[in-house]
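Asks: Sequence:
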Amino acid sequence: MDTSAAPSDTGAGVSLSGCDNVDVDDAGEWFLRLWKMLKSDNLGPRYVLLLKAWLALERTHKFDNPQHGLSSTKRPSMVSAWIKRGRKGMLGTSEKQKVPSVEAFRIEYGAWWELVQPDWRTRDQFGGWTLRGPSDTWNDLDVHGANGVAGVVACLRWWGDQIVDMAEDGKKHEMAVWEKAVIDAAWVMDELRRAAEDSK
1 MDTSAAPSDT GAGVSLSGCD NVDVDDAGEW FLRLWKMLKS DNLGPRYVLL
51 LKAWLALERT HKFDNPQHGL SSTKRPSMVS AWIKRGRKGM LGTSEKQKVP
101 SVEAFRIEYG AWWELVQPDW RTRDQFGGWT LRGPSDTWND LDVHGANGVA
151 GVVACLRWWG DQIVDMAEDG KKHEMAVWEK AVIDAAWVMD ELRRAAEDSK
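Using this note's numbering, the first residue of the sequence shown is number 1, and each one after it goes up by one.
Please note that the accuracy of each hint is not assured.
[What the hints assert, rightly or not] Here are the computed lysine-lysine pairs in the DSS-like style, where the Cα-Cα straight-line distance is at most 27 Å:
1. K62 / K88
2. K180 / K36
3. K36 / K84
4. K171 / K74
5. K84 / K74
6. K62 / K36
7. K74 / K88
8. K74 / K180
9. K84 / K62
10. K88 / K172
11. K62 / K200
These are calculated hints, taken from the structure and not from any lab test.
Since the structure is predicted, the reported quantities are computational estimates derived from the model, not experimental observations.
Work out the full structure: start from the sequences and follow the hints.
Replies: Okay, structure coming up:
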């Protein structure tokens, strides 16, 4: 099974073009603030695709911002600190949130991402996530708003920024691992959007 699939160019506005020409005029204030912090054209087209999948998901929910959020169990400590500060600390694309250790953050993020997956999502023989299961319900991962998958986008932005700044030794491997994580998160957000549209 191909676990490297990514969201396609859809009517929801998911495409591989850059961030600057994306129309977010209809977005809620909370989303606009986070979009300005997390958008980046410097992390490659896959990250742009993730951002657009996130935008499409939140647009489907009309930028509703519920209080409940993703599980805090195993959540990276940087996310918890960021939430505690009112999600401040990155004022724009030029300011980077420093990750103490790329390897440690990769492990921390991976443990959280695994925890919030529905039971039907299992690993294949190569360690990738399966894309279909007997019941494609999303349970605790189906959380929109500032307390939802926005935290996943933030993690991937911080992680990616630090890999870009790494010395060449080990950079290629870390970038490949990060890209797989970005692709999977973008696919999940696209599926969450589809599920939300189907339920209407």
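Asks: Taking the hints in turn, state whether each one holds.
Replies: Structure-based check of each hint:
1. K62 / K88: holds (23 Å)
2. K180 / K36: Roughly 24 Å between the alpha carbons, so the hint for K180 and K36 holds.
3. K36 / K84: The given pair, whose Cα atoms are some 19 Å apart, holds under the 27 Å limit.
4. K171 / K74: holds (26 Å)
5. K84 / K74: holds (16 Å)
6. K62 / K36: Within the cut-off at roughly 18 Å; holds.
7. K74 / K88: Satisfied, since the Cα-Cα distance of roughly 21 Å is no more than 27 Å.
8. K74 / K180: holds (20 Å)
9. K84 / K62: holds (25 Å)
10. K88 / K172: violated (30 Å)
11. K62 / K200: Given that 27 Å is the threshold and the Cα spacing comes to 13 Å, the pair holds.
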